[in-house]
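Number of protein chains: 4
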Amino acid sequence: MRVGLLTGGGDVPGLNAAIRAVVKRGEGDHGHSIIGFRNGWKGVVDGDVMPLTRQHIRNVLATGGTLLGTARYHPHADDGGMDAVLATLEAERIEALICIGGDGTLKAASRIAEAGVRIVGIPKTIDNDVWGTDRSIGFDTAVTIATEAIDRIHTTAESHNRVMVVEVMGRSAGWIAVTSGIAGGAELVLAPEAPFDITRVEKFLKHRHRAHASFSIVVVAEGAVPAEGTAMHYETQVGQFGEIVAGAIGERLKGEIERRTGFDTRVTVLGHTQRGGTPTAADRILASRFGVAAIDAINAGRSDVMTAIRGERIELVELQEVAGKVQHVPDDLLMVAGALA
Amino acid sequence: MRVGLLTGGGDVPGLNAAIRAVVKRGEGDHGHSIIGFRNGWKGVVDGDVMPLTRQHIRNVLATGGTLLGTARYHPHADDGGMDAVLATLEAERIEALICIGGDGTLKAASRIAEAGVRIVGIPKTIDNDVWGTDRSIGFDTAVTIATEAIDRIHTTAESHNRVMVVEVMGRSAGWIAVTSGIAGGAELVLAPEAPFDITRVEKFLKHRHRAHASFSIVVVAEGAVPAEGTAMHYETQVGQFGEIVAGAIGERLKGEIERRTGFDTRVTVLGHTQRGGTPTAADRILASRFGVAAIDAINAGRSDVMTAIRGERIELVELQEVAGKVQHVPDDLLMVAGALA
Amino acid sequence: MRVGLLTGGGDVPGLNAAIRAVVKRGEGDHGHSIIGFRNGWKGVVDGDVMPLTRQHIRNVLATGGTLLGTARYHPHADDGGMDAVLATLEAERIEALICIGGDGTLKAASRIAEAGVRIVGIPKTIDNDVWGTDRSIGFDTAVTIATEAIDRIHTTAESHNRVMVVEVMGRSAGWIAVTSGIAGGAELVLAPEAPFDITRVEKFLKHRHRAHASFSIVVVAEGAVPAEGTAMHYETQVGQFGEIVAGAIGERLKGEIERRTGFDTRVTVLGHTQRGGTPTAADRILASRFGVAAIDAINAGRSDVMTAIRGERIELVELQEVAGKVQHVPDDLLMVAGALA
Amino acid sequence: MRVGLLTGGGDVPGLNAAIRAVVKRGEGDHGHSIIGFRNGWKGVVDGDVMPLTRQHIRNVLATGGTLLGTARYHPHADDGGMDAVLATLEAERIEALICIGGDGTLKAASRIAEAGVRIVGIPKTIDNDVWGTDRSIGFDTAVTIATEAIDRIHTTAESHNRVMVVEVMGRSAGWIAVTSGIAGGAELVLAPEAPFDITRVEKFLKHRHRAHASFSIVVVAEGAVPAEGTAMHYETQVGQFGEIVAGAIGERLKGEIERRTGFDTRVTVLGHTQRGGTPTAADRILASRFGVAAIDAINAGRSDVMTAIRGERIELVELQEVAGKVQHVPDDLLMVAGALA
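Residue numbers (the numbering used here), protein chains in the order written: chain B, 3 to 343; chain E, 3 to 343; chain H, 3 to 343; chain X, 3 to 343.
Just so you know, the hints here were simulated from the structure itself, not pulled from any lab data.
Misleading hints may appear alongside valid ones.
[Stated by the list, open to error] In silico contact screen, one side only, chain H against chain X (beta carbon under 7 Å); selected entries: (1) LYS26; (2) ARG27; (3) LEU63; (4) ALA64; (5) ASP136; (6) VAL145; (7) THR181; (8) ILE184; (9) ALA185; (10) GLU189; (11) GLU245; (12) ILE287; (13) ARG291; (14) VAL294; (15) VAL338; (16) ALA341.
From the three backbone atoms N, C-alpha and C, an ideal C-beta is built for every residue, glycine too.
Let's have the full structure, built from the sequences with the hints guiding it.
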């Protein structure tokens, strides 16, 4: 069988582990030909192929990035994109297509499946906001990196009597913020799931510093928002199309906190360091399991599904169910972050 | 309420994060007095107490070991042990007791609960063999350390044309071996769940080195055993009471492989490095959630239960159900390790 | 003998290792009483003392920050500061004072020495700009952290076709930029020692991307400056007193590069993560050697000197010689960074 | 110019960084052709060549091992070896040869230089025992790995009341043992430079545990030896040719300590993990500087020299001076290890 493979969206640590597992399971155990497409859906549109054999996956397990390249291109949002995709798949005689990506890539995958192509998705995103799976590839590494950064800032904060604002990624979900905030021992975590009241932030910090502390770490998700009706002095800068701008909420918080408390406040924006480097053991294991499961799903005749992990079990969920939903941080996890402040 | 707290068995990274969460949630949010016992059940027997306040848990979140100390002492296996425990709990007016430990500690906890003491257990063990929970505290860190070691050995193996045997911990379960084997890209993983046939190991290595490879990494769980009827030249050394001896199976494998294949074979026994050092973000999060959940269980009037994680949810399971069972690596995970060899 | 000890200036990883060595060598081997002052010179002025014994230095070797606290206060720049320092030293019957700090702290130390106090300095700064010593405490850790960040960004850059600007610390010296640029494989390193021509940066990037590359990493020291006469579209923001502002040169470069090349350009400001966390082995060894050497210098009757490392040898240099000089990156190291681009 | 390049002896982290620097400086800046030989001197004897271009060195900077392979083969110790080397160099029209290796490789290099070939050596060895240079490639990484392991063992030792023996590499020099012992806070360091008296080890441990401690970490170099005349109950196992056997001295010490003190004693042999994995920033910088310096030495017409670092300066030393000497740990560094116990 000729099985296509692509990685779409922003890259994350663990993509190469997934590619390796697809090739090892597909070619090695089942004799499939694995046809890689370069740069995500863009490569499918352009017919940019790269047959993958055991040679290509030597020594990639522990590497970041993706050997196939990636792009933030969505065929269903582009005139003629879908037709070009189908034309390439036919020209390359692709019998099944494995798409590793976040919600954008998976939505495109679902559309292609509707057109009759056999499709299996694999969820990856450091934001962990893909619905239907406990974890997506890249999340554990991002949390690990954010936690290390908070650990480091912790020691500098201690010696200096100040407020340190650490802005982490996550788009409209607070997964990285909440988990790294717990793991790093942040005094306050602001996540999109619980819009914040700046006057309560102010009171918390004033009380804490008056009572006993000489420093505080505030972890803020890039997608955190003030509660409606909150009067703030600064506005969060947004992008041209209303999108999140790295550093915007962090800088805004810094301004508000300094103005309200008088405490010396510094902001650190972790940025792209969160999506690169060696994947953690947990991400490599997850990616390996997903890669094997995707081939097995194809062998079992499944389509329009996504590999998912629930507890210790690998499952398949319908791509239709996943599309358009965002997995948010559950209340009990938000509560733990609050309880340990 | 006066809540007792102890850590029993071998220490693992993440114990201090759990202690911190118990104190923060118990003292900070609910006004309980948290009474620590030093050195596990031994401290309860001896009345060796250490009241825990916010002072004691400063800067411990990211540290390994346990600030309470621990010991491998089981009161139910000691004459008068149970009586001494109950006497101390009464003398200290302990209204509930949180026991952080592996199966030995949790079995003792269950016995104490039968005697009418309110008990909540928290599972910790790098072996991940506690029944009823997807994960125990310490496992993620141990896998991370083992994977780093395999990564390192990988580069030395490549340059040298040889077989590298890496022995990891896990007692009678293969969790560390299988997951670090997948994450580290081992060519062969030997776990207790699937007794190995040494002649198949021999054939696999000969075939692999003849075909294309100049090195192979074999990860072996300390509890791995040959299949019945397998004729081997060496015996695995066992301890005085039949217990697993560190390095025994690793050395035995080395001997067999060298004798059968003629390949230069080296063995590395990871040993105690697997149970020390800074806990991973995942272990700190798990420990923090368990600590909060243990206090919440006590507040809710629960007893004779253990905190557990299933998927993303924290649950409580009956200690009675847990006792005497071993959680083994499921077949699908063993299969992934085999598929990626 | 009563020996005073303080840590001044910004904190860096390795301070606790130095404190530990002073206490172990001073108290343990020579029977001195070690009197710590909290928060650098501020604590001397305020008489804020903390006698240090073996108890205080347990488990601090691998920790970041400083157990004595620190402050950016300079007594010689404050009315009555010097008198208050001398008064406290007399009141506490301090016979010798060990000052761990950067150029500000060491300058103050030299002034105090002139007033007749026996003083030994220990150089610490992640910037490595203290004259007279190959290395200062904290530098190796900062370079390690910056290199890890560049490694991570490397993998994300590869998949994305863009220019990544990484701004690192270093004040008016380019040590962190040049060494982490070499270690991380940056395509371009901009250091204060070699003012840059923005049109050459533009040409380099255009040529590189036209020829073969899809990404470039530019490491810029926070203190990097354009060559005189260079026409740039943006200005580097400076602080109220003309001081370096974190992120200023990074943002400016991003603006110039995007405007001139049209390449998607992102900036990451490493910030405070560079000065926190566990010190590297090299920093712990250096700090330990300096701590021992400081006590030995006092025992030998030396004063107004600073511990220094030259090659493998620990030496003492006159504080007078150190004051007012900045150790810059030598030309041959700048050349290596250029040669490997 | 056609420049040959080989890596000989055991592999160490940083070899690829050196290869990369040779290619970038040699091919990129000076237009030389870089001809790699596979598997050290063995590849020269066999004529196993691999022309190296910029393609081969992409993404290798941070990787362990050597892309050229290596072997522990010495042509001057093999009949006809030297002639075969000279024949290949002539057949391949090699005008200069860069040899990256430890004392064995460098001794062979010196012999080849005597035969009229232009030769530049680059020192690499985790043991740091090459004479004439402060540091060799790989040492900093090995110390870092050993220190991490000691850190981890430290936390497990604290909870358990025991003696932990950690055996590290180093052959007949104690560099890794002494530096990782200082960095990891070992209670006792046994190095070949100071033969140990087992009765003093016994007394030290007994005194320490009686006085206040519940655990001790003893770091022992694989080449450590008892002082002459010391009566010990066990013998250190040696290899067939009298060579050091991994684990031998560690196990012997464990036996002696248990027998003499009655303390539960465990031994961890770090083994091959010390020579693999990602090189530290310091090793990458050193390797990069050495690679550039080797090409520059060739361009300057130098031969029979080795690149060396002394303090912050790169220098060239005569290979003749280096051969047959071992760089040992200086007394002042041994003293620091003792002072901080």
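Unsatisfied constraints (hint numbers, rising): When the structure is compared with the hints, numbers 10, 11 turn out to be violated.
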